[in-house]
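Q: Here is what each chain is made of, one letter per residue.
Protein chains: 2
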Amino acid sequence: MKFICEKNKLVEAISIVQKAVTGKSPMQILEGIYIEAFDNTLTLIGSDIDLSIETKIEAEILEPGKIVIDAKLFGEIIRKLPNYDIEIETFENNSIKISCQKSVFTLMHMNADDFPNLPTVDENIIFTVPQGILKNMIKGTSFAIAQDETRPILTGILFEIKDKVLNLVALDGYRLALRNEFLDTEKTISAVIPGKTLNEVSKILEENEETVNINFTTNHILFNLGDTKVISRLLEGEFIKYNSIIPQEHNLEVTVNKQELLNCIDRASLMAKEGNSNLIKLDIQEDVMVITSNSQLGKVREEVNIKLQGEPLQIAFNSKYLIDVLKIMDNEEILMEFSSSVSPCVVKNKDLSNCKYLVLPVRLVK
Amino acid sequence: MKFICEKNKLVEAISIVQKAVTGKSPMQILEGIYIEAFDNTLTLIGSDIDLSIETKIEAEILEPGKIVIDAKLFGEIIRKLPNYDIEIETFENNSIKISCQKSVFTLMHMNADDFPNLPTVDENIIFTVPQGILKNMIKGTSFAIAQDETRPILTGILFEIKDKVLNLVALDGYRLALRNEFLDTEKTISAVIPGKTLNEVSKILEENEETVNINFTTNHILFNLGDTKVISRLLEGEFIKYNSIIPQEHNLEVTVNKQELLNCIDRASLMAKEGNSNLIKLDIQEDVMVITSNSQLGKVREEVNIKLQGEPLQIAFNSKYLIDVLKIMDNEEILMEFSSSVSPCVVKNKDLSNCKYLVLPVRLVK
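If you read the sequences in order, they're chains A and B. My numbering puts the first sequence at residues 1 to 366. My numbering puts the second sequence at residues 1 to 366.
Don't take each hint at face value.
Copies of the same chain look alike in the list, so a pair counts if it fits in one copy or across any two.
[Claimed, not checked] Only pairs whose alpha carbons sit at most 20 Å apart, straight line, appear in this in silico EDC-like list of lysine to aspartate or glutamate: (1) K102 with E238; (2) K187 with E12; (3) K66 with E311; (4) K72 with D266; (5) K307 with D163; (6) K350 with E238; (7) K241 with E123; (8) K350 with E31; (9) K2 with E207; (10) K164 with E89; (11) K19 with E207; (12) K307 with D184; (13) K299 with E87; (14) K97 with D172; (15) K162 with E181; (16) K9 with D122; (17) K24 with D39; (18) K2 with E249; (19) K187 with D283; (20) K66 with D122; (21) K241 with E31; (22) K203 with E87; (23) K273 with E31; (24) K102 with E260.
Derived by calculation from the structure, the hints in this document are not laboratory data. Treat the numbers as computed from the prediction; the structure is a model and nothing was measured.
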């Protein structure tokens, strides 16, 4: 194998595929990046089996071939080389020479035949979304995936297409996050993608209008971004019927400025940190919401202007769960819907119906 | 005690004095900030005994008084309050109320009488330096202080005034850093300041021409920046006679571009990380320096253009020590002076004689 390529292109390709390389793996070959030089194209692949990322860049191929090389060391070397063309060539004894200007590195490589094959995903495009929108939908739900493995299905995000709407849903035992976007398709899909790998996918997606094509098989999802393909395995099992959890009715509705509420809860949580599980109390009155917290550290009282439709209510929350939700919402005005002090609170944007968040209250012992 | 002051001023004052509060202290009172309200001035003090920082800000004092309050919690609360005037008032039962707009916090405070007194330093100015210069001198030497405590005096930086020159010197067993600036004074001083506290001092110093007044006693040094005073204890004992360590003569002199050399050594060190103590070899030839390293990971060859006066030489170093030195030097062209493969290398700026660095070579077994 022998090829010449631009430093910057190679650095970018390595950064992309490295997102699937988890470092110390029980299979040493998975600590490496697969590199194939063929037909003026360099194909790089990183994989931890659950997640595989492939990307292609242009290169001058002088002799086709393929190798696997330690991802961390190779990445560090290429990043530190001067900003010129890099020449890479294999030699006998499984060694490669990396040359750039007056720098010459000689390293051992691994055998490309030992690298696992990518899962085959039939590329009949199932649907297409702008990258920026998908990136935002992942960001807007992934914080709510379960952190513990007691119910593995909840460590994933539900990808659901139904009635021309794409829904992304994540939930643990305490809160639920739902993001939805219109999608012009007749297809119906329901699949659960590991949250961890979806976070890596969102890092590769750009904040723009360019599209990503998405395909499914029984076991895998493929995100095709043109030069880059991301393949993730799906989680097995049924996701929770989330629609039955979200209350369809409410007794009172609060309209409030998101940032003001977030600031108040953020400050109140300072007093809620010790001992009592981030407990804050909301006293919802006619025109204001009073937020209080008490602990060994001291006490705090915050007040925020609201518009209330319905009867006043007192309700308590773990401040962390409210803060998580408010932090990732981007509308200025939000709606909070309550039914009673022991029923979940639903948080939405006031003007835009592209998300729904649900947070369980903390039941206070009277 | 009762006062009103601007949020931003209070935040800045807390940030300054908090640099002396080390967190968990065997004396609980030292986890707090001392606050005294008197005569339209708020005085804040943080201390860990070794280092004390006092700063003053303007405030509207409605009732004079003094308290000590937990630094971490108080800092977090004040930082998160809205950007308006803050009112702080003490009540019975050792509690204080912090109010700002519609936010009200109630906290316990500690007894100001339990807070240790600042060491008395007679403020006859001994000398004056622009803050930016002192900040730079500290940055340019503190990386070379000893990390282990086997010789406590080497965990400090020597502050020496002699022959109208201020010298800052740090050294461990492997390298030495000397920074010097002209100082128009007849005084003679030699004191060793703990490196850790001097690093905190350098964070408070601004990158500008404003001066800092410096005073010494037998046991303490006082940096007076106007509104802020920093008092550090001195280390006991004699510093090493550093002048006898720095070679006065050399057999060969290398002129080289600093950034190019740094890049080469930085890359070469990638291959030097495993097993063999960052060992890199320098082959100094007529017009080039060839840098090589070999390890189980592979091998590397780098080449940088130089001007050589003297005979060629081969010498080996721990790359980390050379990188540390090159990173903090700011001249484009530097000089490296060598005598033999077992004598220290002296590194200087080509045009500016305000620093001198010394790095011991690694003796290779032939």
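Q: Within a copy, between copies, both or neither: which one fits K97 and D172 at a CA-CA cutoff of 20 Å?
A: Close neither inside one copy (50 Å) nor across copies (38 Å); limit 20 Å.
Q: Is it within a copy, between copies, both, or neither that the alpha carbon of K102 lies no farther than 20 Å from that of E238?
A: neither (57 Å within a copy, 47 Å between copies)
Q: Taking 20 Å as the upper bound on the Cα-Cα distance, should K203 and E87 be classified as within, between, both, or neither?
A: Answer is neither: 29 Å inside a copy and 44 Å across each miss the 20 Å cutoff.
Q: Using 20 Å as the alpha-carbon threshold, which applies to K102 and E260: within, between, both, or neither?
A: Between copies only: 11 Å across, 57 Å inside.
Q: Measure nothing new, just compare the shortest in-copy and cross-copy C-alpha distances for K241 and E31 to 20 Å and report within, between, both or neither.
A: neither (38 Å within a copy, 50 Å between copies)
Q: First find the shortest C-alpha distance between K2 and E207 inside one copy, then the shortest across copies, and answer within, between, both or neither for a cut-off of 20 Å.
A: This pair counts as neither: shortest intra-copy Cα distance 35 Å, inter-copy 50 Å.
Q: When no copy is named, should K273 and E31 be tagged within, between, both, or neither for a Cα gap of at most 20 Å?
A: Only across copies: K273 and E31 sit 18 Å apart there, 40 Å inside one copy, limit 20 Å.
Q: Cα distance capped at 20 Å. Does K164 pair with E89 within a copy, between copies, both, or neither?
A: neither (51 Å within a copy, 59 Å between copies)
Q: Given a CA cutoff of 20 Å, do K241 and E123 count as a within-copy pair, a between-copy pair, both, or neither?
A: Cα proximity of K241 and E123: none, with 29 Å in one copy and 74 Å across.
Q: How would you label the pair K350, E238 (within, between, both, or neither) given a Cα cut-off of 20 Å?
A: neither (32 Å within a copy, 70 Å between copies)
Q: Give the relationship of K187 and D283 under a CA distance limit of 20 Å: within one copy only, between copies only, both, or neither.
A: Answer is neither: 45 Å inside a copy and 67 Å across each miss the 20 Å cutoff.
Q: Within a copy, between copies, both or neither: which one fits K299 and E87 at a CA-CA cutoff of 20 Å?
A: Classified as between; 16 Å across copies, 65 Å inside a copy.
Of the numbered hints given earlier, the model fails hints 1, 2, 3, 5, 6, 7, 8, 9, 10, 12, 14, 16, 17, 18, 19, 20, 21 and 22; all others are met.
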